[in-house]
Amino acid sequence: MDRIPILKLGNALLVTVQVDMHDRLAKALEEDLTRKIIEANAQGVLIDISGLDIVDSFMGRMLDTIAAVARMLGAETVVVGMRPPVAITLVELGLTLASVKTALNVERGMAIIGMKVEQFRDADDRDLG
Amino acid sequence: MTKTNAASNLLRLLRDESDALLIEWLASLKAAGGTSNGRISEAELRTQCRDFLAALLGAFSSNEPTDVGAAGYSPVKEMLGDVSRSRAIQGFTPQETATFVFSLKQPLFIRMRTNARSDADALAEGIWALTEILDTLGLHVMEVYQSSREEIIRRQQEEISELSTPVVKLWQGILALPLIGTLDSTRTQVVMENLLQAIVDEEAEIAIIDITGVPTVDTLVAQHLLKTVAAARLMGADCIISGIRPQIAQTMVHLGLELNVVSKASLADALALALQRTGRMVVARTVAARA
Chain A
1 MDRIPILKLG NALLVTVQVD MHDRLAKALE EDLTRKIIEA NAQGVLIDIS GLDIVDSFMG
61 RMLDTIAAVA RMLGAETVVV GMRPPVAITL VELGLTLASV KTALNVERGM AIIGMKVEQF
121 RDADDRDLG
Chain B
130 MTKTNAASNL LRLLRDESDA LLIEWLASLK AAGGTSNGRI SEAELRTQCR DFLAALLGAF
190 SSNEPTDVGA AGYSPVKEML GDVSRSRAIQ GFTPQETATF VFSLKQPLFI RMRTNARSDA
250 DALAEGIWAL TEILDTLGLH VMEVYQSSRE EIIRRQQEEI SELSTPVVKL WQGILALPLI
310 GTLDSTRTQV VMENLLQAIV DEEAEIAIID ITGVPTVDTL VAQHLLKTVA AARLMGADCI
370 ISGIRPQIAQ TMVHLGLELN VVSKASLADA LALALQRTGR MVVARTVAAR A
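Here the protein sequences line up with chains A and B, keeping their order.
Numbered according to our numbering, the first sequence spans residues 1 to 129.
Numbered according to our numbering, the second sequence spans residues 130 to 420.
In case anyone wonders, no lab produced these hints; they're calculated from the structure.
Check the hints yourself; a few may be wrong.
Below, computed lysine-lysine pairings styled on BS3-like, alpha-carbon distance capped at 30 Å [stated by the list, open to error]:
| id | chain 1 | residue 1 | chain 2 | residue 2 |
| --- | --- | --- | --- | --- |
| 1 | B | Lys393 | A | Lys116 |
| 2 | A | Lys8 | A | Lys27 |
| 3 | B | Lys356 | A | Lys27 |
| 4 | A | Lys101 | B | Lys393 |
| 5 | A | Lys36 | A | Lys8 |
Make a model of the complete structure from these sequences and hints.
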């Protein structure tokens with residue numbers, strides 16, 4: 001079965017969805033990502049869905065679940081590159097992904113995660129100092 | 130049997146006396162004000178009348194001369210449809226449009242009466258058959274007229290909604306969306322699509338939705354606004370709502386509506402906030418630098 005590759009980028013993980021997600025693929029991604037976050041001790045997860053044309057309520061919920069799982073493991077999730085039709089569909093479905101951060105492209109998403117990592121480090125320094 | 134008789138009488142009448150009929154019809158159309166307002170020339174009206182009579186003659190010589198629903202009448206209906214459509218576009222009133230068909234009754238009836246001489250039964254049959262045909266055709270004219278008008282209205286609505294939802298670039302990464310008029314579901318859809326596409330094109334971080342031109346905000350409009358804000362957020366852009374007028378702010382609070390978005394009273398305030406958020410500042414130059 002196909003799997004969606006997960007790349008490690010410094011403190012963050014980058015997931016680029018280039019194919020149309022079907023339910024099983026999404027489920028596999030959730031499992032892989034959870035494992036990878038722990039392995040890599042990642043602070044942030046970047047999900048690039050610029051290649052995604054079609055979403056359904058399952059996919060929308062999946063993004064929410066992935067974000068919730070990642071948050072539990074101490075990583076911030078940023079969904080980047082959502083296309084206008086996809087955004088409209090999600091809103092019409094009533095899924096506003098309120099718990100997920102969003103950014104226009106990977107660059108801005110990385111900036112958000114970078115900011116979060118810095119805050120984290122500052123807090124650490126304060127605790128130690 | 131009588132129906133066929135009536136039809137053949139009509140056929141004969143149309144075939145043999147069509148020239149005289151045309152002149153009388155034109156006269157009765159003119160009496161009803163057919164050309165008075167100058168929207169249609171006499172020559173054009175004459176052509177339309179002649180075409181109609183020719184088409185009607187064709188229908189009468191078909192297999193089912195009295196059944197307007199039959200295939201023989203489709204050229205007549207097509208021709209009438211064109212006339213009706215062009216009149217709807219030229220701005221004729223419904224009455225003027227319907228008169229085109231109904232004014233044919235009088236000259237036809239007069240001629241039938243002359244032809245029937247003293248045969249009252251045949252005359253009654255003929256008049257009834259003709260009335261049925263012309264009335265159905267008149268209804269068809271009105272139907273086409275109505276649907277052409279609706280088509281015009283629909284196109285104008287589309288144009289208005291296109292025109293009234295511009296997305297303006299205020300600064301690099303800052304977009305403004307001045308909304309004018311009431312927000313309904315269709316317009317929200319257009320607004321949303323335009324805004325989201327502009328966010329992608331301009332790589333915008335902040336979108337300011339200005340509702341100065343929205344006359345009333347009720348629960349539905351607020352819901353549409355929130356939908357737009359949510360969609361923009363999914364694309365990674367923050368929204369600021371500006372231009373909430375005092376009465377609207379009061380109404381919204383009384384209705385128990387909360388937008389849960391950053392909102393400012395004026396577009397200027399919103400722009401200042403947007404600049405601040407994107408790490409920019411507007412500073413007045415010193416007097417020395419101005420000189």
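Open item on the list: So, against the hints stated earlier in the document, which numbers end up violated here?
Closed with: The structure breaks none of the hints.
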